[in-house]
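A.B. asks: So the chains spell out like this:
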Amino acid sequence: MLSIRFRPLLVAAGVALAALGARAATTSEPILNVSYDPTREFYTEFNQLFAKKWQTETGEKLTVKQSHGGSGKQARSVIDGLAADVVTLALAYDVDAIADAGLIGKDWIKRLPENSAPYTSTIVFLVRKGNPKQIKDWDDLIKPGVQVITPNPKTSGGARWNYLAAWAYAREKNGGDEGKAKEFVQKLFKNVPVLDSGARGSTVTFTQRELGDVLLAWENEAYLSLQEFGADKFEIVTPSLSVLAEPSVAVVDSVVDRKGTRKVAEAYLQFLYTREGQELAAKHYYRPRHPELAGAQYANRFANVRLVTVDQAFGGWREAQKQHFSDGGVFDQISGAR
Amino acid sequence: MPGEAHASRSTLVEPLWLRAALIVAALAFLGLFLLLPLTVVFVEALKRGVGAYWNALQEPDALSAIKLTLMTAGIAVPLNLLFGVCASWCIAKFDFHGKHLLITLIDLPFSVSPVISGMVYVLLFGLNGLLGPWLREHDVQIIFALPGLVLATIFVTFPFVARELIPLMQEQGTEEEEAAIVLGASGWQTFWRVTLPNIKWGLLYGVLLCNARAMGEFGAVSVVSGHIRGETNTMPLHVEILYNEYNFVAAFAVASVLALLALVTLAAKTVLEWRFGHELAATRRGG
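So the protein lines, in turn, are chains L and U.
Under the numbering used here, read the first sequence as residues 4 to 341, first letter to last.
Under the numbering used here, read the second sequence as residues 3 to 289, first letter to last.
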């Protein structure tokens, strides 16, 4: 009796929703760039630049939409069906995860130059003006009474870079002893009062809510904070060793083939490697792959740091992910023991 | 009787200082936790002047967020109105098997965390979900698009209308409907001329609550949104994004619009209550 009464209602609701969902195929297709947290300002500007170039070359008006969040979370959304034409994520493993779900060809990393990472970054420390806790290098982060702010390595790409940078430093200092490195990183995470899900959340925690003595941050995020809040509030400290962060970009094959947007999506990513793209990346404090293209005004912008790569130090992202960040991995052991 | 009540009053009434203290405490609490935050929203929004405030609201992304929120509520609220009336009519006026189960189900969204409700739709309509592959084949996008936002909003605001109406209708009983049917009215006429007039105030209240929640929902909507700027960000989501972009004036400007919408809803309710107050009391008594 009841079910008969409700059935027409449900059908009507279903039809209405389906009609809303279906897209008219005739309109020119905008593309969507699903990215990680700190790239918002960069891609907002880059998208306009690319749209202008695309219009002069093809005559078509193009809208590039953007979505930002913790890198792992964003990858998850794409796997669940967020229709990204391109992904520009914080690290290769998150793109690998999408490739494993069958949405991107497994050889994606070789499709574009420089490991499909058109710009790089590294992990630095952001401290309050005058550096009241005298934080100079990684060793100072595990001292008692120092509060360290970093996002959660489970959801945030930046946080995984933070973690690996600390690990690489401690291992090198202890002559390659993995056990000592683990102890070091465990001590470091004991000093973390709050784990946000994304890099931007952590930056807001540190700069706005004024929690913590030091923020482990993307270099570009640290510079952005100086720019937003003034150099009289914060200082950047460059550690003696850090990690070469290679944020990866890729075209999402299954989406562009369905939407017919492969051409524009590929052009979009290639544009990142041109003079305009490299210059804009440098302007937003990403380290350009080709500093000679970015121009002389950015030549001395970035401090010289000794950088290790994930491939050298951890045998690649898949290996690092499996050992450190998978369920029951080293990070779980460490944070379980907090 | 009235004389008796009057005589015993002085012993029942608390001393003046206690009354004053209670009133001050209540007002202070109200001011601190309700009025102050509300004021802060508007003060922060207008910090850099009316011009900056106005510009922030003219932003295409902000406009689209406002539009999307109104559209989502505009679809979700009428559907829940329809459902709520149907369900409470069934529950209050008829006896059938599984009635208690239905009541429990209606309450489900209240007890489930909104994040879980959003997650359920991802598991159902996501690419790896139960219906995902079929939807992809037929080029229908549910989550990370308007339909998903509407569904999630419907889910979390499901109980508001029904929960408001069921006790009211139960209290009113079925006598008037029975009389109408005895006098020869059809089922439809009975509903339209007898039941609906009796419940209209409860219904209005339920709809207003439902609407307020629909526009303000964050958790469930955040899970199914995909956070595409200018497309799937509702106002609460857009506020968070702007805040995270250090764009505080704009964040609070959009938040103030959200607060204004809530205030308008409240004002509408108050005006209606004031204007039709005697009728409202009459329907409550009429039950």
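These are computed hints drawn from the structure, not numbers from a lab.
All values derive from a computational prediction rather than experimental measurement.
Yeah, the Cβ is synthetic: ideal placement off N, Cα and C, and Gly gets one too.
Errors might be hidden in some of the hints.
[To be verified] Below are the DSSO-like pairs computed for lysine-lysine, each with C-alpha atoms no more than 27 Å apart in a straight line:
no.	chain 1	residue 1	chain 2	residue 2
1	U	Lys69	L	Lys68
2	L	Lys76	L	Lys139
3	L	Lys109	L	Lys68
4	L	Lys236	U	Lys202
5	L	Lys64	L	Lys236
6	L	Lys262	U	Lys69
7	U	Lys69	L	Lys64
8	L	Lys132	L	Lys68
9	L	Lys55	L	Lys76
[Unchecked claim] Partial list, derived from the structure: chain U residues whose beta carbon lies under 8 Å from chain L:
no.	residue
10	Pro135
11	Gly186
12	Ser188
13	Thr192
A.B. asks: All the hints need checking, so say for each whether the structure fits it.
C.D. replies: Against the structure, the hints come out as follows:
1. Lys69/U - Lys68/L: 17 Å, holds
2. Lys76/L - Lys139/L: 32 Å, violated
3. Lys109/L - Lys68/L: 25 Å, holds
4. Lys236/L - Lys202/U: Violated, because 58 Å separates the two Cα atoms, which is more than 27 Å.
5. Lys64/L - Lys236/L: 42 Å, violated
6. Lys262/L - Lys69/U: 26 Å, holds
7. Lys69/U - Lys64/L: 23 Å, holds
8. Lys132/L - Lys68/L: 37 Å, violated
9. Lys55/L - Lys76/L: 30 Å, violated
10. Pro135: 10 Å, violated
11. Gly186: Violated. Min distance 23 Å.
12. Ser188: Since chain L brings no Cβ nearer than about 16 Å to serine 188/U, farther than 8 Å, the hint is violated.
13. Thr192: 16 Å, violated
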